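S.K.: Numbering-wise (the numbering used here), the sequence shown opens with residue -8 and increments by one.
Source of the hints: derived by calculation from the structure; they are not laboratory data.
None of the values given here were measured: they were computed from a predicted structure.
Glycine residues also receive a C-beta, built at the ideal position from the N, C-alpha and C atoms.
A portion of the hints provided could be inaccurate.
Distance windows between CB atoms, simulated [as the list claims (entries may be wrong)]: (1) L181 / R298: 53 to 61 angstroms; (2) E31 / M504: 18 to 26 angstroms; (3) Y502 / G193: 37 to 45 angstroms; (4) L501 / D119: 27 to 35 angstroms; (5) G193 / T455: 18 to 26 angstroms; (6) A114 / A219: 26 to 34 angstroms.
Using 30 angstroms as the maximum straight-line C-alpha spacing, the simulated BS3-like pairs for lysine-lysine come out as follows [unchecked claim]: (7) K299 / K222; (8) K509 / K93; (9) K368 / K93; (10) K(-6) / K93; (11) K378 / K368.
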Amino acid sequence: RMKRNILLAALSVALLVAGWLGITGLTLLVALVPLLIISENLSDSRRDWWRMCGYAAATFLVWNALTIWWVWIAAPIGPITAGIVGTFYNLVAFMTYHYTAKRAHRALAYTLLVTLWIATEWAYNSADVMTFPWLLLGHGFSGDIWAVQWYEYTGIFGGTLWALVANIAIFEILRHRTTATVVRAGIIVLAPIALSLALYFGYEPSERTTTVSVVQPNVPCYEDEREAAGKMDPTENTCRLLASVPQGSSFVVLPESALAYIPGVYSADEEHLERLMPILTLMHGGHLLDTKLIVGASTVRYYGDERKTSTAHYSDWYGWYDHYNSALLTNVLGEVEDIYHKGKLVIGVEAVPLKSLFDLFEVDLGGVSGQLGWGEKHSVFRNGDVKIGPAICYEGLYGNYFAGFAREGAELMAVISNDGWWGNTPGHRRLFDFCRLRAIETRRAIARSANTGISGFISPRGETIGQRLEWNEEGVLTAELELRDNATLYTRYGDWVARISTLVAVLALLYYMAYRIKRKNHLVD
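Take these sequences, add in the hints, and give me the full structure.
M.R.: In structure tokens form, the structure reads like this:
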């Protein structure tokens, strides 16, 4: 029996990882069925509870290892921490199901599995520091945008709900083998796909458009690689690319680290951004008179003798100060017209929960690392009457946060990123795919500029527009993008599926406690 259970757990792993390896996320609709079979065949004893916990923990840990191993390249502690925390959250839901299924009505156990899983995903997604929502089940459908167009209503937690309910429905076929269970499972699996296809083919493009260009300079992240490539100061390379940007673009989008490698710009004080004007004017080239640049930079805010934030650092020379990962909006004169500070920071690199531990791992991401300052609000950049939201890299993982730009009036989105520190691994490919889900949730076109892949454009239906610049490619792309000012249901209400699930989970746990008390007192059968 142990050998059979190991094979079932391995099957669950294979079905779980497919969505993050660029194959398909539709396997998630049956991915937990093997684990449910193991649970069904174990008893309600304490020993079997621990056996189930072992099988489930091994499954979730291997799932994490096979899908986020590439984080090790930049921060070895990253996949270890994320794997342990993510596995813990998954175990909370699954082991509560296993325990309850042996002691109460099956419907209650299923309810707890679904609602607790979504509630713990939401907790992992909403945390400030200990957060890494890469493996939320709803993200697994990022390669199947044709099947999840209804994310504009539910966001990715609707995808998690679909996956969990489908697993339960298919497992019920194995338990009962009746026509009713087959019909029910068929409806649960196919109805969301039918709705998605109706939304996909019924989509009406906006008549308002604007032209946007994206630049991919292909600058290595690590200093030794930049030296070998002759790109220690990539100014000349970037200016050459910008010279090929056509007239008429409203915005030119450069990557997250576009100014990070330029001497003297690394610590630009946002209160004295005129220091950037010469280099920004040079980059602009003077031929793009009505075009605004969106460019990534590392900025600093100085506080003097007063520590104004919990993230502030102290220097004998400057006093208290905060580093920020920022996006700048600049004009042809090199003037910085607006600035946005990143609000979702990368755990272990930009947000450090156990700083002394993470300091053991020297992480250089081509800019500032260590604890950065938190951005306090969404900014919307403007060029005339065109409004664009400037999301930075990791923020593309957070649906509700990303939708905040649309709530503030953004009619399209820019995503600036630097994915090169992972190497040519699945990391940068999935980040682009996750942006496709963000486009569907908000129904906003996206212009994505990465340092070294993937750069390109995404339509409000989540489709890639035209060609893309892949890994280790250099160039400029230009496209006509839709402008939309309508708010989707998800944009208006955010993670409402997760909030309702959390409430239902609490009520279900209270009901189970009351049920057990009554049963102990022989008040129920």
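S.K.: So, for every hint listed, does it hold in this structure?
M.R.: So, going through the hints one by one against the coordinates:
1. About 57 angstroms separates the C-beta atoms of L181 and R298, a value consistent with the hinted range of 53 to 61 angstroms.
2. Checked against the hint of 18 to 26 angstroms, the C-beta distance between E31 and M504 comes to roughly 24 angstroms, which is consistent with it.
3. About 40 angstroms separates the C-beta atoms of Y502 and G193, a value consistent with the hinted range of 37 to 45 angstroms.
4. One distance hint, 27 to 35 angstroms for the beta-carbon pair L501 and D119, holds here, with the actual separation near 28 angstroms.
5. One distance hint, 18 to 26 angstroms for the beta-carbon pair G193 and T455, holds here, with the actual separation near 20 angstroms.
6. In this structure, A114 and A219 break the distance hint of 26 to 34 angstroms, their C-beta atoms being roughly 43 angstroms apart.
7. Our distance criterion of 30 angstroms between C-alpha atoms is broken by K299 and K222, whose separation comes to about 37 angstroms.
8. A distance of roughly 16 angstroms separates the Cα atoms of K509 and K93; the hinted pair therefore holds under the 30 angstroms criterion.
9. With a C-alpha separation of about 47 angstroms, the suggested pairing of K368 with K93 is violated against the 30 angstroms cut-off.
10. Distance restraint check for K(-6) and K93: the Cα-Cα separation of roughly 23 angstroms lies within the 30 angstroms cut-off, and the hinted pair is therefore satisfied.
11. Under the criterion of a C-alpha separation no larger than 30 angstroms, the hint pairing K378 with K368 is consistent with the structure, at around 16 angstroms.
Checked against the numbered hints above, the structure violates hints 6, 7 and 9; every other hint is satisfied.
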